[in-house]
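Q: Chain residues, written in single-letter form:
Number of protein chains: 2
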Amino acid sequence: MAAKNAKISNAVIKRLPRYRRYLIELKKKGVEKISSKEFSALIGYTASQIRQDLNNFGGFGQQGYGYSVEGLYHEISAILGLDREYRMVIVGAGNLGQAIAKYTHFHKQGFKVWAAFDIKPSLIGTDLDGIEILDHEGMVEYVEKNAIDIGIICVNQDNAQEVADKLCFAGVKGIWNFAPTDIEVPSHVALEVVHLSDSLHSLAYHMNDIQKKGEKNAKD
Amino acid sequence: MAAKNAKISNAVIKRLPRYRRYLIELKKKGVEKISSKEFSALIGYTASQIRQDLNNFGGFGQQGYGYSVEGLYHEISAILGLDREYRMVIVGAGNLGQAIAKYTHFHKQGFKVWAAFDIKPSLIGTDLDGIEILDHEGMVEYVEKNAIDIGIICVNQDNAQEVADKLCFAGVKGIWNFAPTDIEVPSHVALEVVHLSDSLHSLAYHMNDIQKKGEKNAKD
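As given, the protein sequences belong to chains C and D, one line each in that order. Here the first sequence stands for residues 1 to 220, numbered as in this note's numbering. Here the second sequence stands for residues 1 to 220, numbered as in this note's numbering.
Derived by calculation from the structure, the hints in this document are not laboratory data. Mixed in with the good hints, there may be bad ones.
It does not matter which identical chain is used: a pair holds within one copy or between any two.
As a list, the in silico DSS-like pairs of lysine-lysine whose alpha-carbon atoms are at most 27 Å apart [what the hints assert, rightly or not]: (1) K166 x K213; (2) K219 x K28; (3) K213 x K112.
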């Protein structure tokens, strides 16, 4: 399976959390099995794409039966690595860091925020609904000692690379970067980026593009 | 130019905010012009991809001179629609909504949060660093009256579609969705999605994938 996984494209991986979300909804509704055709109507991908995507992982469907909702949910959860617990720290406990801490802590089963770090004396020693804000000076030692898996970077762009370097040095296996800049990590560390400002700028582009097309159509 | 724009792929659009970020850095450093080769070394795309991307918009480079940093910055800003102001409202003033409000309000020039809306009596009437939290009952009227451009959805997944419908009815031109669910909007409204939980799950996948490959290599 590992060899098979190695070939899976990023596009497929990106779709897996979405499949999983729909499976959770189906489970809630008490649906036990689903065909690729029914799944297609729900999620919007073609039935053939769904079969192709899920075949990447060995194919869980049975001809003439469809997919077991519970079975597929557990398989995808395991593929995504959601059948274990992750220890996380937040670096940068400003507005965004605080929100991500609270959001992730309470909403995401399996992802636990162990601590937050900041440089500001006014924040150090306070807590975010049970998550302690610690002095950034102690970050490397804390991450090593507690075998933290994921570092969430919510500092400003000028400090993001330095924080990433320290987190990687301390042994995290993944970086979730919210700082509005591109950072580099060693190949043994996974990197996932949320660029809020890029996303907002894309939205602005599409709004203007729709408007331009509308004006053009009105003229034609 | 409008006709040309119509063919531009989403992949190119997604790269524009990133080009713009690098141009801001170059401006800060006082760099006035840059060749596609130099830009490539900085941003990581190939020089030919950079030329191809920027040619989509008419090509701002001059043979043997390169790109004017200031000129390219203004062109890309205009293409992205960042040469005007946007009025935004946040719907759902919980942890995430509050953070997005504060983050966007203070950090993004040209994007102004006019108000936030919530259903909770304990939140209504309070304010977020100057952004008033209003009763969601008045949302449609407020959006119409103030010609709000963008609705930012930070409610839970069960209410997201209903909120989107109301915002579109009230006349927003763009929706920025943070609710962990897929929503639909009419074709004249732009939609941009930030799926935090999908992003976290992708990170978990890549962490486990790296680990599996490491174990496989150790065995080989």
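Q: Does each hint fit the structure? Answer for all of them.
A: Hints versus structure:
1. K166 x K213: Intra 48 Å, inter 24 Å, cutoff 27 Å: inter-copy only.
2. K219 x K28: neither (49 Å within a copy, 41 Å between copies)
3. K213 x K112: So K213 and K112 pass the 27 Å test across copies only (25 Å; inside, 46 Å).
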